[in-house]
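Chains as they are written, first to last, in my numbering: chain A, 1 to 320; chain B, 1 to 320; chain C, 1 to 320; chain D, 1 to 320.
Keep in mind that the hints are not guaranteed to be accurate.
Heads up, the list lumps identical chains together, so a pair's fine if it works in one copy or across two of them.
With a cut-off of at most 27 Å between alpha-carbon atoms, the simulated DSS-like pairs for lysine-lysine come out as follows [stated by the list, open to error]:
1. K19 / K317
2. K19 / K271
3. K19 / K268
4. K19 / K9
5. K161 / K317
6. K268 / K140
7. K47 / K320
8. K19 / K161
9. K268 / K161
10. K140 / K47
11. K9 / K47
Note that these hints are calculated values from the structure, not bench results.
Because the structure is a prediction, the values reported are computed rather than measured.
Number of protein chains: 4
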Amino acid sequence: MNTFGNIFKITLYGESHGKEIGIVIDGCPAGIPLSENDLLPDIERRKTGGYASSSRTENDTPEIRSGIYRGHTTGAPIMIAFRNENFRDEDYQFDGFFRPGHADYAAYRKYNGYNNPLGGGQFSGRMTLPLVAAGCIAKKIIPSIEFSAHIQPECMANVDKAIATGDSAGGIVECIIRNLEAGIGEPFFNSLESLISHAIFSIPGVKAIEFGNGIASASMLGSEYNDCIVSSDGQTATNNCGGINGGISNGNEIVFRTYFHPTPSISKEQKTFNFNTMQVENIEIHGRHDACYALRSPVIVEALAAIVIADLILISKIAK
Amino acid sequence: MNTFGNIFKITLYGESHGKEIGIVIDGCPAGIPLSENDLLPDIERRKTGGYASSSRTENDTPEIRSGIYRGHTTGAPIMIAFRNENFRDEDYQFDGFFRPGHADYAAYRKYNGYNNPLGGGQFSGRMTLPLVAAGCIAKKIIPSIEFSAHIQPECMANVDKAIATGDSAGGIVECIIRNLEAGIGEPFFNSLESLISHAIFSIPGVKAIEFGNGIASASMLGSEYNDCIVSSDGQTATNNCGGINGGISNGNEIVFRTYFHPTPSISKEQKTFNFNTMQVENIEIHGRHDACYALRSPVIVEALAAIVIADLILISKIAK
Amino acid sequence: MNTFGNIFKITLYGESHGKEIGIVIDGCPAGIPLSENDLLPDIERRKTGGYASSSRTENDTPEIRSGIYRGHTTGAPIMIAFRNENFRDEDYQFDGFFRPGHADYAAYRKYNGYNNPLGGGQFSGRMTLPLVAAGCIAKKIIPSIEFSAHIQPECMANVDKAIATGDSAGGIVECIIRNLEAGIGEPFFNSLESLISHAIFSIPGVKAIEFGNGIASASMLGSEYNDCIVSSDGQTATNNCGGINGGISNGNEIVFRTYFHPTPSISKEQKTFNFNTMQVENIEIHGRHDACYALRSPVIVEALAAIVIADLILISKIAK
Amino acid sequence: MNTFGNIFKITLYGESHGKEIGIVIDGCPAGIPLSENDLLPDIERRKTGGYASSSRTENDTPEIRSGIYRGHTTGAPIMIAFRNENFRDEDYQFDGFFRPGHADYAAYRKYNGYNNPLGGGQFSGRMTLPLVAAGCIAKKIIPSIEFSAHIQPECMANVDKAIATGDSAGGIVECIIRNLEAGIGEPFFNSLESLISHAIFSIPGVKAIEFGNGIASASMLGSEYNDCIVSSDGQTATNNCGGINGGISNGNEIVFRTYFHPTPSISKEQKTFNFNTMQVENIEIHGRHDACYALRSPVIVEALAAIVIADLILISKIAK
């Protein structure tokens, strides 16, 4: 449940308001140069404090606590932790409301009320911080492959409106993976699309994914959709399939887009059910949150894509 | 790679033009009444021969070869096979072309030319037939849960055009799951969305998936998106989230949409690279294929959703 | 439960008196020459009909039903089946007794009476036949590694006595693996000993395993036990550790011994509880069985060792 | 590799001389009362400092860093860490020798020299400390089941001799599991013996395991070996099979014995190969070590047995 991957395998732990959050990374080959400094640029990209971001500020300092010796990976598990420091250690009292759009109600039902609700507990976006660290290591395993994700600019009008009105906005993150050789992916069930989507949907707030022109393709004719091969290395004239045929990379750019719903926390008044009075009431939610967490997500999307691709590339060595 | 699931686990084998295709289903509880007849209605729904479908006709007769005794499951693996009969056992000669839009080139590169290319081999849509059989068994494990998938009608104009011109069409399949209790899903990595998307992207031709109003949600404000709880059993006024918060069912209908690209095989002339002459040329592809395989896919989408949900419901018993 | 392995992965199905038994082998690299003939010598070694063996004679003809094209593996799952033909299709009536020493009672309790009891069902020694076939394929993946198992001769006096008196005998099988390079094994949990023992204990009748002089080592002093390295390729003067240190091969011969209890079926009168009369009574069990199934087991032990080693060697390529 | 279990799943990290060692425990049901104090009695049983034990003294203070809220498990991963404090942070210089009987040479070959050799790195017996903590949690999940392991006294003469002469001794640990219901175990591959042996062989120093009278059984006749059922709840007159038939518990006591080789570190002079001079030489190894680490192992054996049984009991709920 909290472990993902086949050979390059990650195990996540922690809660938003717990002592620390962290990740154990297994299956990283021995001999790769690695230090905490290698993790800082991507952590910085994810960090809070920018435009439309939460005012919770954490140092986000990674501590590698195992698996490194004399500056290199050892082949043993790499454990990376981040201490939680800047949170309010309130004593939570259920006041009759589950926050609209959050996991609160579903988690309450799943865990019979024993889940840690503070700051979203295990469902907090903060859990993506160790994933970014793991993504850095994945990228180091496959240094020739380039991961490049960015927010689609069209959401920015909504972001401005959201900031002005105490509301929130969604967004779309496009990720392009370059220099991935043809032949990567493990059908039938571990296609590139299956594994990438599995990983991406673990990011809080993701509700849709498309590969290439996946959404538009459903309205196309085959003669419009099919990508014509134009050279002996498999390059195609168009890339409607997003670089993937039959679940396997075809040597072109991998392209996928991730759709984030708006941040569920908003300052605006909302209606929801009060389980104490047993009626729908207006509530206002206070606290620190991003007006659009999709803005911080490109590096997270890259991280999860890199974790999947590193795993698949390690597996592909088996057949060689 | 060809096994999927945690407790309710399926293992797929076979190729389009091999002796047979089949599936081994492990983890099905003992004592469930089961016979081949139980599989026939869903197999019939998937069958070829209808409007816009391939002219390859197979009996599609399921043979349960293990795991049943005196009309009930035994707890041992259930093996179901389908013989391949109506195929042309040609001796394949590579004529310089990989079929546009197909897995041929990517598979050739992955398997160094050793993959079975006949009829698409392991990448054939025929591989979904054993999945439909496994889906029937999954549905029998959780009989109170209703799976209902259908094609969105808007693709039909394209289908008509495709049939008339030797082209093909894509389509969108919407699946609704009713009566799923709140609390199903296993975060962090095995969220409902992660597992359903993982399974659905194994279906040949799928290029996008959205849960609830996932695609539209990226352009919404939080005040528009958040679903307000209106009753003590967690029912919400809207269902933008598709019945899933934080990767866990919230007790409302699960809704997701699967986007299929057009069938890659078309009769129309296409351009592609000739690896013998090393230049782009026009080709025509002959053979039997669906003008729109999305039309046959609703029952396949249901099957994979049922396989995921049965697995998760079995796992949920552990916590009770 | 019925799937084993990480990359080279096997899935077993079938029952003693079902239509067929078989195995799906996933993760075998593409391009390995393979036909049914390659499986015959090891199948012959396992076959019934010899001294102290059951009079049930089956053809044991393997049918490869997927995963081979033009005489080579394709990278897709290899399915191998064996039809059950020579069995008595009786209608089983529980007569109050569970056979002593068999899985009958435990299986009845586990499966609430729904398990298939005919001929031992899924617990039959017949299930080792597909394992032997899978072992042949494993051996082909790693042709330079030699697997050599044999029965320890000391049990033969017991076998003679057992045949003369309608009794049965146990036995010890020693397996030696030669030419395995140093560095194979995946600690912490997937040590060579962990994986080999996991696989070996799936063979019906195994109750103990030792690596090297494992049993004697518990009574040794360290100065007697430690194996002194005597050359730059890691060869040791003694091999008390059976070629494994810290769960990893050290380049010497791997040596382990498997302890089989006597065949539970005997013709001699035995006492056991009658669940109809609710008292202990004398019973006589009729049927066909081996006086000492350990005699047929060396090739089974080799097969499971080869399955484990092939998987680990494939995994070891990742680090290279 | 460093993750074990199906539903109740543990992931281990750390090295003997690293900052800390720890374990992430996934799949523990929500709502179980748990604090660090619950872990102390078993940690104390394992602790160094007693007769024949290493002089390295660590506080062995467990820190639960996630997964607990208001004194109960939350259903999220439980992370437990132990800081390493009392070790000598030497700068390791390879002096030509790999310590005889240790994992040093095999690990060097596996990890191409990148493994952390200090104090045995990941191969240290210290790694069993987090396993004992995880075992405590497993025991809390299944409180009615009793785990009782003890050292067989016959090794004590060797221990005395070892202490007197700077040598070391092996030993045998017998473990008895009481109150385990019939029907636990998941054949074909996840039999009780397969899973217990898999787990037990991860303990450093284990070289053999037997269930019931497994070793002796190989020299028995069936009429001697078979355990006669004597009551309607499946109790047997003898327990040669150690409470397991067909890989499934039969309702009697589970009995197994674990064989530990002598501690490889001894003060006595030993011969081994010097990779600098390329010849066999005498060496003396200094450092702190147990004269017989088997003495500290009963609680470790219990922990791993409890981890396996808790996992299987959780899985057994699925069929109910």
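Hints violated by the structure (listed by number, smallest first) = 1, 2, 3, 5, 6, 7, 8
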